[in-house]
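S.K.: If you want the building blocks of each chain, they are given just below.
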Amino acid sequence: MNLLATFNTLRARIVLGEFALVAGLVVIAVIGIGALRTVRNTVTRELSSLTAISAQSDRLVTSLFEHVRAAEQYMTDGSMEARNAFTSGGDAAHVYQHRLQALPELSESDRVVVIRVGVLHAEAEVLYSFAHAQQDLGRRGDAQTGARLARERASEMLRLVSLLSTSRSVGAEATATSLEQAATDREMLVWTVLAASVLIAVAIGVATLQSVERPLTRLAAAARRFGDGDLRPIALGGMPTELAKLGEAMDRLGGSLRTLVTEVVEESERMASAAEDLSAISEQLAATAGDVSTAMEQVSSGAQRQVAGLGESRSAAETLHAATEDAGHVSGRVADLGAEIHRLAETYGSDIEAAGNTLVELGNLVQQTAKQVEELDELSEPIYEFIDLIKQISSQTNLLALNAAIEAARAGERGVGFSVVAEEVRQLADTSAQAAERVSGTIKTIRDHVSAMAETMAAGRSQARGVGKVSQGAAEALRQIVTTVREIETESRRVSGQAAENLTAVENISRALKSASEAAQSHASSSEEVAAAAQEQGASTEEMASQAAVLNRAAEHLRSLVKAFRA
Amino acid sequence: MADSHRGSHVRRLAAAGSRILLASAGLSLGACGSSDDPILIGLAGPFSQPRAESMQLAAQLAVSEINEQGGVRGRPLQLVIQDDSGMAAAAVQVARVLYANRDVVAVVGHMNSGATLAAARVYNGGSNSLVAISPSASSPDLSSAGPYTFRVCPTDSAHGVQLAQWARAQIGANRVAILYENDAYGRGLRTTFKDSFTQQGGQIVSDDPVSAILPSFEPYLTRTRSRGGADAILFAGARAGAEEMIRTFGVIRYSTIVLGGDGIAGIETADVDAEGVYVSLAYLYDQPGALNQAFTTAYRRTYGGQVPDHRGAGAYDAIRLLARAIESVGANRARIRDYLAAVGDEEEPFDGVTGRIVFDDNGDVVDRTVVVGVVRDKRLESTIR
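Going line by line, the protein sequences match chains A and B.
If you count by my numbering, then the first sequence holds residues 1 to 567, one letter each, in order.
If you count by my numbering, then the second sequence holds residues 1001 to 1385, one letter each, in order.
Excised from the complex, chain B in its bound form (with noise of 0.2 Å):
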């Protein structure tokens, strides 16, 4: 129920935002070109989806901030919103209509690597290739998608490592259960947490995968317990297998430390027994760090008492980067490509709200950690204060 109503209540503010911008976009109409003209950058993702909320209203935040402060060389910044559904297919639309928008210099997307990875061959291709920055893809084959493809966010690899680290080193657990939801990213958590698991010494005692044709999780549970339990079970997957993982519990009276991916974000509020979940994020909202401090404050103050998530402070973060680049070198695809790929090289590292942000040859952040947040009264919570 509060998720429908969560939900309903995300509509209504993206659609107040659509309305503004498409008011100004269409103020700006007929001064097309001249040096007052917005410049333009493209924000895809499934805004139609409560879990791209945070992401479009911290990417209007973003501009808002930029715009009030006079813009960049004058010029404000306009966002051209597209909505891919999270799906391939319309990612690749999407793509498309931003990548023969001329005036649209940059995007910020999409949200999830499904998406970013079907969309990343259209905007390397061509002789007029767009800098893509995803705000919270993490799949590791989106390293490869090409010199236009950039992300904020760290990959599913540091998930699986920081949070084997973490099981081992805070939870001091030995005997995990994996369950995985048997896609690329429940595989590639699975793998990566597996792998660095046991090199510390742990054991993982099962490595089950589920999927929605499932009629339950109940055979795994129930073995794992008869097989003598185990400290910790790792969800590696979305968040609702995640709860129906944590109903199955209930059912078959068996608890134990639940660890999951930055998939499970968002359980926090769901209406299962989800307190002491652990979770992998690449941002947390209430981390430490005076940026943070200051995004959190004006995000909680515009929309009403929320908080960003890290789908919402990438996006933050690749809004003022882009802008940090188009003031350095213009508003042109090419030579914000070549700024972004030179930060942390030639050009400054930039200081974010997700922390410091320096490319690799990938695109990828370098040395980007995650944290494990902790589900506190139906709220996610860093687990180091």
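Bound-form chain A, shown alone (with noise of 0.2 Å):
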């Protein structure tokens, strides 16, 4: 559990990752550089054996061969150069075989055999020497047997060293098939430790792939829950240190956040009660102030009225004033008018008396004329009557001639031409009736010319009597103009000095009222001052009504975000 604790880290992870994979590349290389110095030294060392062994066996061969041929030439000839080379050959042979013998890199088993060949010689040397005294003294019997005794062991002897020279070979083969097993088993060593370390390597890193990707992805959906408002605690289960220490981290985010949602939904709360508290606050301040400005309002108009009021009154003083000093001229120009006008009419007055009498006698010809009228209009009285008569003959007639015609159908055939006259007569008398009617047409319109000319007649006559009065009239009104001119002429010269004398008394009314006028304006804008203050005070009011509002909806908008969080 511990060693698994230690390797809980990614860190920890990838480094023994990188170290299996290293630690197998060193491993590999050095089986492989280990392998390389094992051929090479094998083979630097079995050439190195090889050759001194050959050069040495080589020597030791031709020793011994020279030995044994020394030895049998001696036995034919008992020459002293056959005993010389016989001795010296065998100190060569004794000093090869030596030399051979220590050669480290011999095997034990052709040192066996090397040992075995020096003894082989060392007693056929033996036995070829006594042979030679047999053979020096004559003895040529035991002489023969000696020689056939050395003879055994020279060629068991001989026959080692060719062996040895097999064995050499074999050897050779043996260490090759031994380098290349070697070399096999290296090779796969090398790839079993290159697969097991990428095996490894590959399983620690999706091993540490997965313990990165499964609290990654839970860390992350933890996140996401952050962001959606749900502040619950994570669970954070097994992984990595480094990924525990990041979920811890946001664990205690999430608790921080849940802590300062909490507070901040208690804030909100009290910010929203304490918004509306406010709120109410600023409206009744905000009515207030609207009821102060408009008593204010009031005091300023009436302030103001005031000032008007003044202010007319003192333009009625200035007018006066003017009409006043205006009055003096006018009335002085009144007079004179008023001569003017005594003087037309005087002129003008005896013209009009002269119209006068004219209209008068033209209305005594109308209203001659208005009799010739009237008396036409009463001889057109018999011609209707006469009219009317015809009308009545004519219609008994018409009557007189249907009878006929109804006697005349019952009396039949005999009364047709009887009914032919009754309907002549009647013809006629339809005739007779349209003829009076005409007449009776004509003579109306006679009489209603008749007629308008006599109220033409009529309107002339009293139109004449109205020019007179007028005339009569407009005389009597100049008469009357005259004397009312006089009288105005007399007034106007009064009112004029009376004007001059009021002029003084208005310019004093006048400095008094300005004066009154300023003190009003001045109190005017004293009570719009007032005004004014009660309006900004409302309108502080009003903005911070208004604030509070929008401190109000901040603190619901607060409090409704703050509801999304799940503490």
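Do not take every clue at face value.
Now the in silico label distances, taken between C-beta atoms and shown as ranges [claimed, not checked]:
1) Val1251/B / Ser178/A: 56 to 64 Å
2) Thr42/A / Ala1169/B: 49 to 57 Å
3) Ala1212/B / Ser165/A: 28 to 36 Å
4) Thr1302/B / Thr42/A: 51 to 59 Å
5) Phe65/A / Thr1302/B: 36 to 44 Å
6) Thr192/A / Arg1121/B: 36 to 44 Å
7) Leu47/A / Arg1356/B: 40 to 48 Å
If you're looking for bench data, these hints aren't it; they were derived computationally from the structure.
We put the beta carbon where it would ideally sit given N, CA and C, even for glycine.
Put the two chains together into one complex; each comes in its own frame, and the hints tell you how they fit.
M.R.: Here it is in structure tokens:
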């Protein structure tokens, strides 16, 4: 478990993976280098030993053959040369045998062979030497017996030496085989270690990736949950130390957020209620300020009206002043005009009287004409009576004709002629009636003309009477005008003097009005200031109220936002 | 008869030594690692054979002397004795046992060249190489056996040269016949003698190989006699061959001065007439020197009047040299080896009963001459008094 805990960090896992790879590579390199070195060393050693052994073996074989040859030659001829060759060949063979036996490169089995060769050589040498001594003493039989024993050992010795060569080649073959086997083994080992390293590294890598991905997924889900407002604690579970730290940090963050959100919720509730309170107070204040403002506006308008009134008074006074000043001038001019009027009235009075007379004459003429018309009208009356008579006769005639027709119809064929007469009579009656009617219309038209003329005459006559009256009235008016003008003249003179006196009084009044106006304006402006201040206060209060409303809305918003969190 | 009697006596003594060693080893078990634990030194040789008797006894004498004087760095020395039968294969097995015992800080051994060479591959190998000081392996091949291989004896070539000079100078020999055993030792001694002797104007009248497969040496000796004889005859080989040769002398009624290398040492006690046989040796018990006097005196006293041979003297010197090295650098294999390599160089030369020891780069003793002894009254004595 401790070991697992030690490797429960990404760093340790990555390091472990890399270490496994590197270790594998190092092992491979070591094995490879070792194999190469082994092969090289083995080859070098084998070659040098083969060389050394071959050289010594060759010399040994050569000297052994020389030794045996000299021994056999001495057996044949007993010459000193052969004897010396035997001795020196033996010595050389001993030296080479000794060197070969001491070669460290020699295998133990070969060394046994070499030792055995040395022993056989020594024995053969002794036996040959002994046979030579027998030979020298002329004991040929013993010499041949000894030589035969020597030859047995010599042939065995030479056989072993040749065996040594065979053994060398076998040894070289075995070495080559073992080298090949070693190389194959190393190669297999290298591949195995390589595969194992890769597998271990891959396994560690996959495990590391999984140990990163799974916790990351969990943490990401938790982060999304936080984002959605779900601040409940994170279930960490098993994960690498780094991610566990991250998870713990996120959890701590969630805890802090939870605490914070709780506090914010409480604070926003408090703020909302405070904002509501503030809003209510602001509204009250605004209402109060409105009242004050209205009152002050009323005060202000009153003052302004006063100012206006005073202004009007002042302007009236000024107008009065001006009028008073003008009155003087006007009355003067009135008097002058009166005089002019008087003069004109005098001038046109007679003309008017003449015109009046003319008009009275005209009236009389019209009266005469009217009488003639009335007489004409009275003359048309008998015509109307005649016509009515004709009409009556035609109507009766028509009626008679109709009766006659009926009687004729009763009389039948005999009455046919009569019916024709009856019909003629009746047509005649109708024509008479129609003629009467036309005459009646004409007479009526004449009468209408006469009536119209009569009325015109009557109108002319009244007009003429009206003109007369007007003329008379005009004359009278002229006279009255003259009288009035004279009175105006007099009055104007009086007014003109009065006006001069009035002017001084008016100026005094004007000055008094002006100071009063200024005082009133000052009063009005103060009122306006108060009103403006009240208005400003009202505006501020309204502003405050609106801000409180904003605040209230913000608090509400905040509350709604915070409500989304699930602490 | 005397030889077999002596052999049983040696075995008895060796067995007693082993019991003592086993007892002390048993006592020390369970206290391993503390400062009182003994320092282990391997002792490897063919201790089942009489020729290694003196080597074991002298080594045990040296250890007991050192331990009586307080040990090394306050710790006693203790021998781990292993028998290699003088055979290469057994020597390798023994060497592996000693090598694997990490408490063994050095080895004294092996006795003969074949076993020492075989074991040297083990001691020089691995990562915890182990010093082996041979008291008596004289093969020239040992020079290149490895940095952990040392010896306190001269090489075979020293014997050949010394014998040739001695034959020319002391005997005045002009004509010398050679019988050599056709093995590394015999051929080596024969070659160095032959080269040295001919260089000094001598003549090799015959030069014949022998071995156990021959029925007798008679034809060689008869031919030498028939060709005018020789002033001396060198037998380059082991003691048995020399005894055979001397017996053949009696058969063919011919005799001459017999010379031999250290391979024939012990011939003085053989049941052949070895009187007057000259033997070259790395050491002779009666050679001059105060150290040697003290050693032989103690040896005689401890082992019932016996005298040590060159193997015993070499083992004695090797043990004491190792003690000095451990005293100086501690019980550590590599540091002991470095100390030994520096002896006579950065470190003081070691004066032992066999003479002054200074190692060269091959682990051989520099300027080590041999002595030539002569058999008198069945004793091998120094020719120079």
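S.K.: Each hint: holds or not?
M.R.: Now for the hints, and whether the structure bears them out:
Checked against the given bound of 56 to 64 Å, the beta carbons of Val1251/B and Ser178/A, roughly 59 Å apart, stay inside it. Against the hinted window of 49 to 57 Å, the Cβ-Cβ separation of Thr42/A and Ala1169/B comes to about 56 Å, which satisfies the hint. The hint said 28 to 36 Å for the Cβ distance between Ala1212/B and Ser165/A, and at roughly 30 Å that hint holds. At roughly 56 Å, the beta-carbon separation of Thr1302/B and Thr42/A lies within the given 51 to 59 Å, and the hint holds.
Restraint check, Phe65/A to Thr1302/B: a C-beta distance of roughly 57 Å breaks the suggested window 36 to 44 Å. One distance hint, 36 to 44 Å for the beta-carbon pair Thr192/A and Arg1121/B, holds here, with the actual separation near 37 Å. The hinted window of 40 to 48 Å between Leu47/A and Arg1356/B holds, with their beta carbons roughly 47 Å apart.
In summary, the one numbered hint that this structure violates is 5.
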